[in-house]
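Enquirer: Got chain X sorted already, so can you dock chain C onto it with the hints?
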Amino acid sequence: AQRVTQPEKLLSVFKGAPVELKCNYSYSGSPELFWYVQYSRQRLQLLLRHISRESIKGFTADLNKGETSFHLKKPFAQEEDSAMYYCALSNSNSGYALNFGKGTSLLVTP
Amino acid sequence: KAGVTQTPRYLIKTRGQQVTLSCSPISGHRSVSWYQQTPGQGLQFLFEYFSETQRNKGNFPGRFSGRQFSNSRSEMNVSTLELGDSALYLCASSSLQGSEQYFGPGTRLTVT
Chain X
1 AQRVTQPEKL LSVFKGAPVE LKCNYSYSGS PELFWYVQYS RQRLQLLLRH
51 ISRESIKGFT ADLNKGETSF HLKKPFAQEE DSAMYYCALS NSNSGYALNF
101 GKGTSLLVTP
Chain C
111 KAGVTQTPRY LIKTRGQQVT LSCSPISGHR SVSWYQQTPG QGLQFLFEYF
161 SETQRNKGNF PGRFSGRQFS NSRSEMNVST LELGDSALYL CASSSLQGSE
211 QYFGPGTRLT VT
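Chains X and C supply the protein sequences, listed in that same order.
So the first sequence is numbered by my numbering: it starts at 1 and just counts up by one.
So the second sequence is numbered by my numbering: it starts at 111 and just counts up by one.
Isolated chain X, as found in the complex (with noise of 0.2 Å):
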């Protein structure tokens, strides 16, 4: 069975402060890792995917299959990062259907 956990409902930091929204999951493959973004009032939208390797508005994520881990990051947090941050697994046995975490709330105060 395969199952991401985001542990943190709810992150609250300031604004230039680092922020790391953390994911782990649990698969005996190879799975393909993502971070989707909901910013509001707008649809859910891919942030970043594993395989990419890019750095989309700042964030950044490794892929870490030691600790089954995919943790996003920012080294300096705007206001307008402020947003549901989702991360989510897919793999060819599950016909690439996505399978998300709960999501964490992400709040950056000025």
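The set of hints was computed from the structure by calculation and includes no laboratory data.
Glycine is no exception: its CB is placed at the ideal position from the N, C-alpha and C atoms.
One or more hints might be untrue.
[What the hints assert, rightly or not] One side of the interface only, derived from the structure: several residues of chain X facing chain C at Cβ under 8 Å:
{"id": "1", "residue": "65"}
{"id": "2", "residue": "98"}
{"id": "3", "residue": "102"}
{"id": "4", "residue": "104"}
{"id": "5", "residue": "108"}
Expert: Showing chain C alone in chain X's frame:
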């Protein structure tokens, strides 16, 4: 390109009724997936259609069904509605299975 569209955006139904939700994917996308989002269970995969065939199915009862048309538009149907079916239903399209999924704005279903 126009994004994924879903209609209607809001719906109120009574327990026991049935409902049909519609999704129009991004032009050229042939895969359409449906997800249910609730405060308690979060985002859960319902099913995926590709070229009019259901290719993948989540762990939902048979009351939840769907179909896809030759123009890739998709509908999902929920029969004999229960209070617990109240949720935001999201549709996502992608060009290929496993490629990036683009989400629609969702249909908010309330069952009373």
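Enquirer: Hint by hint, say whether it matches the structure.
Expert: Results for each hint:
The beta carbon of residue 65(X) comes no nearer than 19 Å to any beta carbon in chain C, farther than 8 Å, and the hint placing it at the interface is violated. Because the smallest distance between the Cβ of residue 98(X) and any Cβ of chain C comes to about 6 Å, under 8 Å, the interface hint for this residue holds. About 5 Å separates the beta-carbon of residue 102(X) from the nearest beta-carbon of chain C, less than 8 Å, and the hint is met. At about 12 Å, the closest approach between the beta carbon of residue 104(X) and any beta carbon in chain C exceeds 8 Å, and the interface hint on this residue is violated.
Interface restraint check for residue 108(X): the shortest CB-CB distance to chain C comes to about 23 Å, outside 8 Å, so the restraint is violated.
Checked against the numbered hints above, the structure violates hints 1, 4, 5; every other hint is satisfied.
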